[in-house]
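Novice: Sequence:
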Amino acid sequence: MKRHPDTDPQRELLVFAHANGFPAGSYRVLLDLLREDYEVLAPDMLGHCPRFPVSDCWPQLLQELREFVQQHAGQRRVVLVGHSLGGLLGLMLAASDPQRLRAVVLLDSPLVAGWRAALLWAAKRTGTVRRFAPVQPALRRRERWPDLDAVREHFRAKAPFAAWDPRMLDDYASSGTLQHQGERVLRFRREVEAHIYATLPHHLGRLGLRRSPVPIGFVGGTESQELAMAGMRATRRLVGRRLRWIPGGSHLFPFEQPQAAARAIGELLRDMGVPVAAGDAGSGLPIMPISRSDTAS
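Residue 246 in my numbering is what sits at position 246 of the sequence shown, and the numbering runs on without skipping anything.
Note that these hints are calculated values from the structure, not bench results.
All C-beta atoms in this analysis are idealised placements derived from N, C-alpha and C, irrespective of residue type, glycine included.
Some hints here could point you the wrong way.
Cβ pair distances, simulated, as ranges [what the hints assert, rightly or not]: (1) GLY182 with GLU153: 17 to 25 Å; (2) ASP44 with ARG270: 22 to 30 Å; (3) ASP44 with LEU148: 30 to 38 Å; (4) PRO137 with GLN75: 20 to 28 Å; (5) GLN181 with LEU139: 45 to 53 Å; (6) GLU183 with ASP97: 18 to 26 Å.
For lysine to aspartate or glutamate, the following EDC-like pairs were computed, each having C-alpha atoms within a straight-line distance of at most 20 Å [as the list claims (entries may be wrong)]: (7) LYS158 with ASP56; (8) LYS158 with ASP147; (9) LYS124 with ASP56; (10) LYS124 with GLU226; (11) LYS124 with GLU143; (12) LYS124 with GLU67; (13) LYS124 with ASP170; (14) LYS158 with ASP170.
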């Protein structure tokens, strides 16, 4: 995405990294809210450049994000906010290039470690990871529609999208598809999405992130099934008190509750010492941390 025309060099530079399957334009409402306080840039669609092929544990996706930060930030340290895939890449960047980052905020990007990481490694090595969700649903995803209205209606009828802010569903329909030969075609190639899922990093628990000088915070959805599957024990150890919850939010809470997501991000960044430019009013009342039993530890 291009530099926003109203950016201020005195503002902190925030790089937003999207989730698997959702180009950056899908997050327009959330990014515009964040632009009230920060200079915001975002790579459009990770995983689709031939220079950065998807492979096990995502080393080239990390390089793609690294080069985006290098190109746009120069010598400035950036705040990295990432949703799911984007958050995990942010963790990897914090481990490999801590000098480039002021802070990292993970949006429903749990750290897979311990016995779960061992199971993931085994599933990848044997190939069984490709037989189940989320790989198989990605491969079967519909990719063509007669027009933009049909795209909207298709996703609006699906349960995971029912709770979305209507503006964000419209942006996903328009940014996530393109006009091609008289029809709308999915931009994020489904074989790329599936391959990203099938090569999920199993080594994050060994990166020494607790020794990283980069402060790391986490925002999760209280109803996220992905968090229940991945567990939160390793993530809690990593982020400590820099943890916030979006009540009622699923794994896709940035699309469901963009205002709440922006407030939680802003509060965490202020707690981590990232200043808001003088004269900015901020993005509203802070979201307070709420208790949540860690049944999926």
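Novice: A separate judgement is required for each hint: does it hold in the structure or not?
Specialist: Here is how each hint holds up against the structure:
Judged by the Cβ atoms, the range 17 to 25 Å given for GLY182 and GLU153 holds: they are separated by roughly 18 Å. As the Cβ distance of ASP44 to ARG270 is approximately 28 Å, the hint placing it in 22 to 30 Å holds. Between ASP44 and LEU148, the C-beta spacing of about 19 Å breaks the proposed range 30 to 38 Å. Taking the beta carbon of each, PRO137 and GLN75 are about 42 Å apart, not inside 20 to 28 Å as hinted.
As the Cβ distance of GLN181 to LEU139 is approximately 23 Å, the hint placing it in 45 to 53 Å is violated. Range check, GLU183 to ASP97: Cβ separation about 41 Å, and the 18 to 26 Å hint is violated. Annotation: proposed proximity of LYS158 to ASP56 is violated, straight-line Cα distance about 30 Å (limit 20 Å). Simply put, LYS158 and ASP147 have alpha-carbon atoms about 18 Å apart, close enough for the 20 Å limit, and the pair holds.
Distance restraint check for LYS124 and ASP56: the Cα-Cα separation of roughly 9 Å lies within the 20 Å cut-off, and the hinted pair is therefore satisfied. A hinted pair counts as satisfied when its Cα atoms are at most 20 Å apart, and LYS124 with GLU226 qualifies at roughly 18 Å. Proximity of LYS124 to GLU143 is assessed by CA-CA distance (about 26 Å); at most 20 Å being required, the pair is judged violated. Our distance criterion of 20 Å between C-alpha atoms is broken by LYS124 and GLU67, whose separation comes to about 28 Å.
Distance restraint check for LYS124 and ASP170: the Cα-Cα separation of roughly 35 Å exceeds the 20 Å cut-off, and the hinted pair is therefore not satisfied. Distance restraint check for LYS158 and ASP170: the Cα-Cα separation of roughly 14 Å lies within the 20 Å cut-off, and the hinted pair is therefore satisfied.
Checked against the numbered hints above, the structure breaks hints 3, 4, 5, 6, 7, 11, 12 and 13 and satisfies the rest.
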